[in-house]
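Asks: Take a look at the letters that make up each chain.
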Amino acid sequence: MRASLRDHRASVLVAALSSAFGVLLLEVTGALSTLVTADDIGRHAAVSVSLTIVAFVFLTIAVYVGAIVTTNTFATIIAGRTKTIALLRLIGSSSRQERRAVATEGFVVGLIGSALGAVAGVAAAFGAVRTMVGTGLIPDLAYEFFPPVLLVPVSIVFLTTWLSAWIGSRRVLQVTPLEAVGASQELSRDESDSRRGRTVAAIVLSIIGIVILVLGVLLGLVSQLGVLVGVVGGILSFTGLVLGAHLFMPTALQLAGRLMGSSAEARLAAANAVRYPERSSRMTIGLVIGITLITMFAVATQTFQDMIHEAMRADPQMYQGVDGVLSVLVTVFSVLIGFSALIAAVGMVNNLSLSVLQRQRELGLLRALGFTGGQVKRMIVVESAQYSIAAVGVGLLLGIAYGWAGAQALLGSIHGSPGLVIPSVPWLLLVLVVAAAATLTAVASVSPARRATRIAPVVALAVDS
Amino acid sequence: MAFNYAQDGLVARVTELSKTYGDGAATITALDDVSIGLRQGDFTAIMGPSGSGKSTLMHIMAGLDSPTSGSVWLGDTDITALGDTQLTLLRRRRVGFVFQSFNLVPTLDVMGNILLPFELDGRRPNGDERAWIDQLVASLGLRDRVTHRPHALSGGQQQRVAIARALGTRPDLVFADEPTGNLDSRSGREVLSLLAAASTEYGQSIAMVTHDPIAASYADRILFLADGRVVHDRARSSAEEISSFMLSMESAA
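Just so you know, the protein sequences line up as chains A and B, in that order. Start counting the first sequence at 1; every next residue gets the next number (the UniProt record's numbering). Start counting the second sequence at 1; every next residue gets the next number (the UniProt record's numbering).
In isolation and in its complexed conformation, chain A is listed as follows:
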């Protein structure tokens, strides 16, 4: 196989993280069930089933984000391989053969990643349980570490990785043999054919979803059933927004770019970030999803808490002890969702690295024309900051809107509730998210920036890069 392992490090990591996450969730669920069974045999089945359902909901979110990241990574890798693929096409390889080769790489990546993740997940669960038993935190029961159900998340991750590679490899079909001969320009065409259908679907889904969501909120003022309507509206509109990311992410990136000042390196970075709207949208949407989910849960529970507090004043006995449960829930959920955000962050870091690798010649040109190493470095950092800020900004807005809608639909009608409320945003969340964005910017730009400054200006003069 001609693929270097280096190309696929990030995809293997994403698959391993998703698989480890799924395995660990099920292991924890299993251990909790064992504990509960020892306490109270009668409730075992019900608790075990609901815990497993919760585990699968979070696994689905992680796999979904992972799939988007992997698809995007493969598309980016192929963009960088255009010349090689064109050469093979010229010699007589068919585009199907080329695509199959890429899909095979996805197969191997999925296999290795999900297996590594499974091993890591089991090992982590085993270590954690043994430690807790050792310190007397939990009783020493017959915990099972290899239940057959573990195969489910592992195979889901393997299959989605393979599928994502297949979808991401679509681009191979557009490479013509001519690109090997001509002094081919940089890849600039977007998948414009599939784009129109997607845009229409995105807009239709978003509008229908938002209408249903508003209905849910209104219904929530009279009945708690509003939340069920709201969930449907939320899923539809969010799917529409993810599909239509190319319609609004470039604007968000441009706005973020304005914050960066007007020095030459900031302006070039801003232009780079919106150069291929399709690509930068895919690059950031994973992170947008992660931040939206975290924010949604945090805002929902905070708003929820405020409404409960209001209601408590009217009827103190009814809501005793609710506070403690809520804050435990929000912590657990944030950690679980945070894992998806981590996967999305891996994808963004990797994509920035790849895009620097693919821009060697252009960076060489800037060096030849008089960009100092420091200026090139700053340009990469600014570009990275722009992606983080745009993703975090959009994620926060969406999360606040969805979180508020959820709380409103669920509690708008409860006894003593004030009806419509304004969303309350926990300040701790804002601080954490901003800190995370800053860290991500720094981490994402470290290695690309170092690599970029190592590019010799002579690269720009070479006829073949």
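It is possible that part of the hints are untrue.
Said to hold, decoys possible - Each computed DMTMM-like pair below joins lysine to aspartate or glutamate, with the alpha-carbon atoms no more than 25 Å apart:
no.	chain 1	residue 1	chain 2	residue 2
1	A	Lys377	B	Asp65
2	A	Lys83	B	Asp184
3	A	Lys377	B	Asp84
Please keep in mind that the hints were generated in silico from the structure rather than gathered at the bench. All values derive from a computational prediction rather than experimental measurement.
Fit chain B to the supplied structure of chain A, relying on the hints for placement.
Replies: Just chain B, lined up with the frame of chain A:
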């Protein structure tokens, strides 16, 4: 070594320049004891077959690569021992480049590309410089194109933008690396005439690396390199004379 360039009328020179790659048995000598000077205001062509060292010579003179031994001067600055940052500033302010593959920044429009060297310096062109750039844009026939992006331009137009960018800062020396290599013959002749005009009308010093006798016939002076050495130095010649000299070089080898 004291060197007064105004007195010698040289814009750049190298002395006893050698460049080798690798070591031991695998050593490749790209330049072997080369000493040349480029005259102020001259359009100089550097010719030679592939592997003759002409590109290496240009890279070293432009501060893009460092020599193994010998010294390199740009004007009265010895650039041999300059660090990366100083070389960067030198390229930004005192050297211009025109490459074979046009090499414009794809995210900037025509005017953005032309003004890039000023932007890199964190300043806007002053009134005098602005007038000069407007004059360049007009004489290069780019006036209707200033807001276009590079991908919307033909190869010849892109190369004219690159020339405007190279001349915009009025550098000591413009390096052109096979500037017509990717152009059809008509656009190629246009680009060469523009370079020659920049030299005669504005006194711009230009060093052009090429293997094309027609391109070299536009130059005031032609230097021939072979196997890392300067083998011939002649004044303006016709394409036929240059071709026949190159053929004689081939048969002598």
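Asks: Now look at each hint and say whether the structure bears it out.
Replies: For each hint, the structure was consulted:
1. The straight-line distance between the Cα atoms of Lys377 (chain A) and Asp65 (chain B) is roughly 21 Å, inside the 25 Å bound, and the hint therefore holds.
2. As the CA atoms of Lys83 (chain A) and Asp184 (chain B) are separated by approximately 24 Å, the hinted pair is consistent with the 25 Å bound.
3. Between Lys377 (chain A) and Asp84 (chain B) the CA atoms are separated by roughly 14 Å; this keeps the pair inside 25 Å, and the hint holds.
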